[in-house]
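Q: Taken in sequence, the protein lines are chains E and G. So that you can map any letter, position 92 of the first sequence is 93 in the working numbering, and since no number is skipped, the others follow by simple counting. So that you can map any letter, position 114 of the second sequence is 122 in the working numbering, and since no number is skipped, the others follow by simple counting.
Don't read these hints as lab results, they were simulated from the structure. Glycine included, C-beta positions come from ideal geometry on N, C-alpha and C. Honestly, I wouldn't trust all of these hints.
To be verified - 25 Å max Cα-Cα, derived BS3-like pairs, lysine-lysine: (1) G:Lys86 x E:Lys71; (2) G:Lys91 x E:Lys37; (3) E:Lys37 x E:Lys71; (4) G:Lys50 x G:Lys86; (5) G:Lys91 x E:Lys71; (6) G:Lys91 x G:Lys65; (7) E:Lys60 x E:Lys37; (8) G:Lys65 x E:Lys37.
Said to hold, decoys possible - Derived list of chain E stretches under chain G, where covered just means 3 residues or more per stretch with a C-beta under 8 Å from a C-beta of chain G: (9) 17 to 23; (10) 61 to 67.
For reference, the chains in residue letters:
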Amino acid sequence: GQQVMQIPQYQHVQEGEDFTTYCNSSTTLSNIQWYKQRPGGHPVFLIQLVKSGEVKKQKRLTFQFGEAKKNSSLHITATQTTDVGTYFCAGLRDTGNQFYFGTGTSLTVIP
Amino acid sequence: EPEVTQTPSHQVTQMGQEVILRCVPISNHLYFYWYRQILGQKVEFLVSFYNNEISEKSEIFDDQFSVERPDGSNFTLKIRSTKLEDSAMYFCASSFTGTLNTEAFFGQGTRLTVV
């Protein structure tokens, strides 16, 4: 079945350090979305990537979609305490409209 | 800003009882989803709904689950005979488009506790 794995599962960083989470799918994806879930909250959409090799930036966040459309990454530069939460990727297969959420990376930022 | 609303925020039920979780999607959205998240784990897809019928469902969505859009605004998830392992946070989501996809907006969730 469809598997979307993320690494690492947990990451603790000092405020100001960079952070990266990686998302890997067992099958090719038509597009990928990234969500952030604050502790006790619900997933909130961050961005969608569609094209092979696509790179998008949102302020300190950089998102990348792999050339083979099977992996993606989220990089945060100079983390802040407001970045705390769990980051999920969610991949969409070429057929259907079922998004497969990754296992998530929980980010803790130490002030 | 429009939002997806879910009720109740927390539901406690006895094993074997039926529960209905309610959601009001964003009004002009066409695709509706239910997801669940067991505490500390990833978000899992249950079902998607479009044009008054299920368009896709996961292996989790067995005969104990059903969805309904009883009127123009509500979208419900029914669990007929709850089991302990049904305890989770259930999120409703909606989006304007499906496969070409725009973002999915999630509700605040209903925490279901089966005792």
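Q: Now tell me, hint by hint, if it's right for this structure.
A: Now for the hints, and whether the structure bears them out:
no.: 1; hint: G:Lys86 x E:Lys71; result: violated (35 Å)
no.: 2; hint: G:Lys91 x E:Lys37; result: violated (29 Å)
no.: 3; hint: E:Lys37 x E:Lys71; result: holds (20 Å)
no.: 4; hint: G:Lys50 x G:Lys86; result: holds (21 Å)
no.: 5; hint: G:Lys91 x E:Lys71; result: violated (35 Å)
no.: 6; hint: G:Lys91 x G:Lys65; result: holds (19 Å)
no.: 7; hint: E:Lys60 x E:Lys37; result: holds (15 Å)
no.: 8; hint: G:Lys65 x E:Lys37; result: holds (24 Å)
no.: 9; hint: 17 to 23; result: violated (count 0)
no.: 10; hint: 61 to 67; result: violated (count 0)
Against the hints set out earlier in the document, violations occur for numbers 1, 2, 5, 9, 10.
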